[in-house]
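S.K.: Fit chains Z and B to the known structure of chain C by using the hints.
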Amino acid sequence: MVKTFSTAFTISTHGIGTYEITDRIGAIVRNSGITTGTATVLLKHTSASLVFFENADPTARADLEEFFRRLVPEDAEYFSHTLEGSDDMPSHIRMALTRTSESIPIMEGSLQLGTWQGLFVYEHRRRPTQRSIVVSVVGDAG
Amino acid sequence: MVKTFSTAFTISTHGIGTYEITDRIGAIVRNSGITTGTATVLLKHTSASLVFFENADPTARADLEEFFRRLVPEDAEYFSHTLEGSDDMPSHIRMALTRTSESIPIMEGSLQLGTWQGLFVYEHRRRPTQRSIVVSVVGDAG
Amino acid sequence: MVKTFSTAFTISTHGIGTYEITDRIGAIVRNSGITTGTATVLLKHTSASLVFFENADPTARADLEEFFRRLVPEDAEYFSHTLEGSDDMPSHIRMALTRTSESIPIMEGSLQLGTWQGLFVYEHRRRPTQRSIVVSVVGDAG
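Chains as they are written, first to last, in the working numbering: chain C, -15 to 126; chain Z, -15 to 126; chain B, -15 to 126.
Read the hints as simulated data drawn from the structure, not as lab findings. Because the structure is a prediction, the values reported are computed rather than measured. The reader is advised that the hints may include incorrect statements.
[Stated by the list, open to error] Dumping the calculated BS3-like pairs for lysine-lysine here, alpha-carbon to alpha-carbon at most 27 Å:
(1) 28(Z) to 28(B)
(2) 28(Z) to -13(Z)
(3) 28(C) to 28(Z)
(4) 28(C) to 28(B)
(5) 28(C) to -13(Z)
Next up, chain C with everything else stripped away, as it sits in the complex:
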């Protein structure tokens, strides 16, 4: 019997960096009772993004952040959208280069992810803030 389950949650971020939400999504799927189907995750913001990344070694995430700091530097001389500060336009571009929604197959009641594959909110703004994530699960509760 196919059914749907939807919910939302927020996380607090405290500066540029990656914040893992894999366990939160896994708990939502278990709570839904859906054992086969698809979980869809969307971040409701344009100055933060989603990204899958390896979740074992934090140095890998530090290197990712340094890469983006160099690829999309602050205060590029051609930026015209600068009202909210130096991290404003880079945050939108870094979001466009990563992801906003991800969909994860569910089998036998579990998210189908690799052993060291985690889903992260990638915060691109410096100031502490709240980020909203919405999740829909569609599948068989059987």
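M.R.: Relative to the frame of chain C, chains Z and B by itself:
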């Protein structure tokens, strides 16, 4: 009662830039009668892409375009796929760096998006053209 | 009558490059009997990714690979995550810049893709390896 609804539409683009389709997707979801579930949007092209972006200030989108113009310049000396012109290979690379499909949770009959979060077709070719978008909605008709 | 179908498969990769899986996904959808709905594909790795690309001219994919070789060079002096070799950290960054999951609408029993639009596993590691792909299909069996 879970059901599905699928449809397609085209938009006309007139040069490199972003073209918002959020309202079109919202209307399709309302028309489907599905109140809880997931809407999936796919652009059927490899020289244009989808991207979520802030939809309040057009200067942010102009800065995004300038960023991509510099990151993926035309006429790189190593390009071998050049048959369709200077904007051919950059259009494929810019597509690979943004997105082709996005999935959006639906709650209470509405797309769950942030206040200034819009979904755009990002056209990477200069000549006017038509772009096809396909949408599938799966969920509970309430 | 809406139903779900989930399965997984692996492919062998033999070095950096793109490996098309469009036909595999199409066969899974046909096998599912689902004629309207959504197919979700996820790659269970963080040193390889998914990417839609034009599948007619292999020179376009060679140019894409050269672009990423230059954008994310090996042995950047600031990399600290280097335990698994020179292609370790670049593989994670190239993954973050492309995709991990893609969702494809299904109509009349077929994946809705453009004529030259193929889905590829983008392998970022040099050594031959196995990559796992999981697919969930949710929709109406008509």
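S.K.: Next, verify each hint and record whether it holds.
M.R.: Here's how the hints hold up against the structure:
no.	hint	result
1	28(Z) to 28(B)	holds (24 Å)
2	28(Z) to -13(Z)	holds (24 Å)
3	28(C) to 28(Z)	holds (24 Å)
4	28(C) to 28(B)	holds (24 Å)
5	28(C) to -13(Z)	holds (25 Å)
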